[in-house]
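These protein sequence lines are chains A and B, in that order. Count along the first sequence from 1, add 82, and you get the number used in our numbering. Quick note: the second sequence, position 41, residue 40 per our numbering, numbers continuous.
Check before you lean on any hint, since a few could be wrong.
Derived coverage of chain B by chain A (criterion: at least 3 residues anywhere in the stretch with Cβ under 8 angstroms from a Cβ of chain A; other residues may be distant) [what the hints assert, rightly or not]:
id, region
1, 34-47
2, 109-119
In the EDC-like style, the derived pairs of lysine to aspartate or glutamate whose C-alpha atoms are separated by at most 16 angstroms in a straight line are [to be verified]:
id, chain 1, residue 1, chain 2, residue 2
3, B, Lys116, B, Glu127
4, B, Lys116, A, Glu160
5, A, Lys110, A, Glu125
6, B, Lys141, B, Glu122
7, B, Lys116, A, Asp157
8, A, Lys110, A, Asp237
In short, the hints are calculated from the structure, not lab data. A quick note: this is a predicted structure, and the numbers were derived from the prediction, not measured. For glycine and all other residues, C-beta sits at the position ideal for the given N, C-alpha and C.
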Amino acid sequence: MTSVQTYQRPSSIEEAWSLLNDGGKSAKLVGGGVDVALFAPPEILTLIDLALLPTRSIELRSDGLAIGAGVTLTDLLESPLAAAYLDGVVVTMLRQVAAPLLRNAATVGGALASTHPWSDVITLFLALDAQVTQYSGQLQTSSLENLMEQRGTIDRTIITEVLLPIPADDVYASFEKFVRTGFDIGMLNCACRLTMNGDRCESGRIVFGGTPDIGHRLEAIERALAGARLDDATIDSAAQLARQALALRDDVRASAEYRRVLAVAGIRRCLMRIAQRVGE
Amino acid sequence: MSRLTITLTINGREKTFRIDPGEKLLGVLRREGYMGVKKGCGSGDCGACAILFNGRAVNSCLVFAAKADGGTLITIEGLARGEILHPVQIAFLEEGAIQCGYCTPGMVIATVDLLTKNPDPTEGEIREALAGNLCRCTGYVKQVRAVQRAAELMKGGETHV
Numbered sequence: 083m084t085s086v087q088t089y090q091r092p093s094s095i096e097e098a099w100s101l102l103n104d105g106g107k108s109a110k111l112v113g114g115g116v117d118v119a120l121f122a123p124p125e126i127l128t129l130i131d132l133a134l135l136p137t138r139s140i141e142l143r144s145d146g147l148a149i150g151a152g153v154t155l156t157d158l159l160e161s162p163l164a165a166a167y168l169d170g171v172v173v174t175m176l177r178q179v180a181a182p183l184l185r186n187a188a189t190v191g192g193a194l195a196s197t198h199p200w201s202d203v204i205t206l207f208l209a210l211d212a213q214v215t216q217y218s219g220q221l222q223t224s225s226l227e228n229l230m231e232q233r234g235t236i237d238r239t240i241i242t243e244v245l246l247p248i249p250a251d252d253v254y255a256s257f258e259k260f261v262r263t264g265f266d267i268g269m270l271n272c273a274c275r276l277t278m279n280g281d282r283c284e285s286g287r288i289v290f291g292g293t294p295d296i297g298h299r300l301e302a303i304e305r306a307l308a309g310a311r312l313d314d315a316t317i318d319s320a321a322q323l324a325r326q327a328l329a330l331r332d333d334v335r336a337s338a339e340y341r342r343v344l345a346v347a348g349i350r351r352c353l354m355r356i357a358q359r360v361g362e
Numbered sequence: 000m001s002r003l004t005i006t007l008t009i010n011g012r013e014k015t016f017r018i019d020p021g022e023k024l025l026g027v028l029r030r031e032g033y034m035g036v037k038k039g040c041g042s043g044d045c046g047a048c049a050i051l052f053n054g055r056a057v058n059s060c061l062v063f064a065a066k067a068d069g070g071t072l073i074t075i076e077g078l079a080r081g082e083i084l085h086p087v088q089i090a091f092l093e094e095g096a097i098q099c100g101y102c103t104p105g106m107v108i109a110t111v112d113l114l115t116k117n118p119d120p121t122e123g124e125i126r127e128a129l130a131g132n133l134c135r136c137t138g139y140v141k142q143v144r145a146v147q148r149a150a151e152l153m154k155g156g157e158t159h160v
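Build the full structure now, drawing on both the sequences and the hints.
This is the structure in structure tokens:
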């Protein structure tokens, strides 16, 4: 049984915002609807479906790859623009998210707003330093990292667009996920974005998710990589830091001890993949 | 609760329904007689309730019926043309990819979606496309063969959707 009393389909973002304000805590935004259909709490009386908003485009702009919040994960996965972005790392990640039946419905905006700790989208987009545009009375853009730090209020704002910044030629990215069975919720995921100068790493963003906490940067590894040659010794050091510095816990999917093994393998694989590409 | 009126084009026919605001498509479709849309897990895990919604296969148990207002749906009942089965249905029969049959409508719908976008899938792509469709009778070898056979049939010019 559902407690939902009204279902609204606003055609403008201002109208959606007004409905969200009017409904207060009993109103919930619907992107693809997958999460809301599964997890909407009983106090939700009003659903506000964002499907009619003009947020379904994928564009390559001068400032980056702009992805509308209403784009489905399948739309993005099948986009040639996404395939061309950083050697297809976004597509590589999306292929491992759920199954096609869910990807066909779930939206990029919903994937962020759901703030699932195991989210592969959040982990990779944090590593890519995604910028998120939201509407809460007015449009404003902030980093995904900031948005996730304030995720307690994310359901009170309307995500309209995600921007993946244009990478320079010497930027590389990689993603790794560990699952029990294909398309399952992961036991741990890891993403890296490195800016290289020859075989040296100038700077990097290293993110682990599903620890089982939501994706977050591991700055100890980022500091260790800055200025270092991306060779076996550096990769060993990064793996050692992942073993020592990453905060991990047990949950139903994996023990902290097992996650530690996965974290070491994850960072090692990501960095080795980038080192191989740099050498090509 | 304010009931809603929605209009859906189902299997080529426009229909109007009165629904509750929180209802899912699965419930509406089965109530209206589309019993080929199977209720399995009800949580998007098994794929038995898959339909084509605006051309893409989705779990109807996770789609609010109100979201589909104005949309185009194809259920398993809409694939055959009269007595002539869709090539994917023919392939599933030919390859014996049907055991109890409960998961079959969802499998067929997911296959139609795959082959519409990718007429020549690899085995890996087939397995990925069917990853959201669970069969509890047996493994997936015959289903994979059936999709490969369906691809051959459709390349031969047989398409319905």
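Verification of the hints:
1. 34-47: Contact hint for the region 34-47 of chain B vs chain A: holds, 3 residues under 8 angstroms.
2. 109-119: Since 4 is at least three, the answer is holds.
3. B:Lys116 to B:Glu127: Distance ~14 angstroms between B:Lys116 and B:Glu127 Cα, so the pair holds.
4. B:Lys116 to A:Glu160: Distance of about 10 angstroms is within 16 angstroms: holds.
5. A:Lys110 to A:Glu125: holds, 10 angstroms
6. B:Lys141 to B:Glu122: Since the Cα atoms of B:Lys141 and B:Glu122 sit roughly 12 angstroms apart, the hinted pair holds (cutoff 16 angstroms).
7. B:Lys116 to A:Asp157: holds, 12 angstroms
8. A:Lys110 to A:Asp237: holds, 7 angstroms
Violated hints: none; the structure is consistent with every hint.
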